[in-house]
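The hints should help you fit chain F onto chain V, whose structure is shown.
Okay, here's what each chain looks like letter by letter:
2 protein chains.
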Amino acid sequence: MVELTLPGPADVLAAAARIAAHATVTPVLRSRAMDALSGAHLHFKAEHLQRGGAFKFRGACNAVWALDEAQARHGVVTHSSGNHGAALALAAQSRGIPCHVVVPEGAVAAKLASIARHGATLWRCAPTQAAREAECARVQRDTGAVLVHPYADARVIAGQGTATLELLRQAGTALDVVVVPAGGGGLASGTLLALQQAAPGCELVLAEPAGAADTARSLAAGRRLVDFVPDTVCDGLRGALGEPNFALLHGKATAITVDDAATVAAMRLLWQVLKQVVEPSSATVLAAVLAQPARFAGRNVGLVLSGGNVDLDALPWMRA
Amino acid sequence: MVELTLPGPADVLAAAARIAAHATVTPVLRSRAMDALSGAHLHFKAEHLQRGGAFKFRGACNAVWALDEAQARHGVVTHSSGNHGAALALAAQSRGIPCHVVVPEGAVAAKLASIARHGATLWRCAPTQAAREAECARVQRDTGAVLVHPYADARVIAGQGTATLELLRQAGTALDVVVVPAGGGGLASGTLLALQQAAPGCELVLAEPAGAADTARSLAAGRRLVDFVPDTVCDGLRGALGEPNFALLHGKATAITVDDAATVAAMRLLWQVLKQVVEPSSATVLAAVLAQPARFAGRNVGLVLSGGNVDLDALPWMRA
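Same order as they appear, the protein sequences are chains V and F.
Taking full-length UniProt numbering, the leading residue of the first sequence gets 1, the next gets one more, and so forth.
Taking full-length UniProt numbering, the leading residue of the second sequence gets 1, the next gets one more, and so forth.
Treat the hints with care, as some may be off.
To be verified - Under the rule of at most 25 Å between Cα atoms (straight-line distance), these lysine to any residue pairs were calculated in the SDA-like manner:
id : chain 1 : residue 1 : chain 2 : residue 2
1  : F       : K252      : F       : L269
2  : V       : K111      : F       : R224
3  : F       : K111      : V       : R32
4  : V       : K111      : F       : Q93
5  : V       : K111      : F       : A33
These are computed hints drawn from the structure, not numbers from a lab.
Just chain V, with the same shape it has in the complex (with noise of 0.2 Å):
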């Protein structure tokens, strides 16, 4: 099921000219409070401003407007009950085809009327990795859908790219390093590709939650280990690391490992100090520049703001 085909760098430029009729440009925020508390020059790229809240549109864009007119007309099917789901049924929408997103019984109630208020297809399922897969692939062989993987797919990973090409160009100086959350690996891959086009000195450091931390782990030991439990609160990091998304990072980025307690902090300092409403997920990157500040001390950093989609009645920081 999963596209192996490996994306180069050149594709990120591709895509970011398949989308550019979709896709909203984010901007890129600064604070001078936040500067000073980081020592760094700290530029967030926010993608949580993107179309459905969150980067993972540019994938789902890049994935449905790169098929031709046949595969296109039987619409586009994948399993996630989260930011790619909404995603690809904006996508779809775009372009007019139909969209069928497989969910797992259980999943966020907000977000399923999220995807079906995009126009898709729900189709529920068990909450079980297997479930899910062989629901998606029911749909496949029923509707001759074509499948759109969240993360483990060529073009969403150069989709995912477009998100630091923008940003390499609106930062208005060279960056020396940029930060973007590790989950599947889809933006990881991606963004890696955007710098060795665009930025070939500029450093790719990945924030990783501690409870999910399998792509720290995998880029340590030189090879996938995958076989984890997630326990984190960033709902958006934890799956587990892409084959082709290892394959592409491998000996090409590090990873910071911030614990949840770290993480919910710096998402209250966006909050109140940048005054944006990101979810967890997008804290990490903060997290892991505030972990390590000799690392980043007055350097020129990019950090990757992923997404906004919180509930706003149960906030991290409400929790006893």
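Chain F in isolation, oriented as in the chain V frame:
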């Protein structure tokens, strides 16, 4: 105590030049979802991203840098437990002069800490208007500091207008109407001057809480009616319309009053859809547009998000 000199449109241009080296050029945010929701083209001027977290820094900065050397040496004084106090402290810090802020007993500790953090001296007084003015007069007498009133001050009014000068330039299209919150009227009257200077055909609409609707009543009656007890969640809009502010606005603007429930609902939309942490006062502008959809339908509407200083542990939708 009130500065009755009325500023003119050109004073906003002079203010923009004066504060350019100190104030942030805040972004203008757009959202397809917000446009769809309102039926209008909404251009949000993000003044909650201004230094100090509110537009207030513009007016305070203009007042501080308009002083001649002899005046400036003795510093500035104001009475405010809110955004103006912190803004004046920041502005004084930017010029390296003393700042005194008279604060009533019982003011929110977090706001006082913010004022003190920017280097101002705090002076406590009883929580009445008379006590505040008396203590302010005493500080003026004892220190020679210049009073910078939060809104009934020509330099402050001109400074607040600079936000709309920027908005008009940034919007990328001609605006048909600009909506700003109305409290004491500093932002409202400054915005009027900015429109007279740069977009004379653009309408000015004031958004005001129903529980502090003295501006709406005064504009309707043609005379200042400021004898009221404010009752609103919008802590930034409880002040009474100032004399110079009324003199400028009279006959030149209309007001839409919104009740607190509508304001809190609009605030939640700004958090959920626009992903911005704004305070209740900021949300009145969206509440006003949503309250009268026919009036704004299809028009290019500028909305000034005035500030983002909220207590994340006491959000209005948490109160049962």
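Hint check results:
1. F/K252 x F/L269: violated (30 Å)
2. V/K111 x F/R224: Roughly 49 Å separates the two Cα atoms, so the pair is violated.
3. F/K111 x V/R32: Given pair F/K111, V/R32 holds - Cα atoms ~19 Å apart, limit 25 Å.
4. V/K111 x F/Q93: Violated - the C-alpha atoms of F/Q93 and V/K111 are around 46 Å apart, more than 25 Å.
5. V/K111 x F/A33: holds (16 Å)
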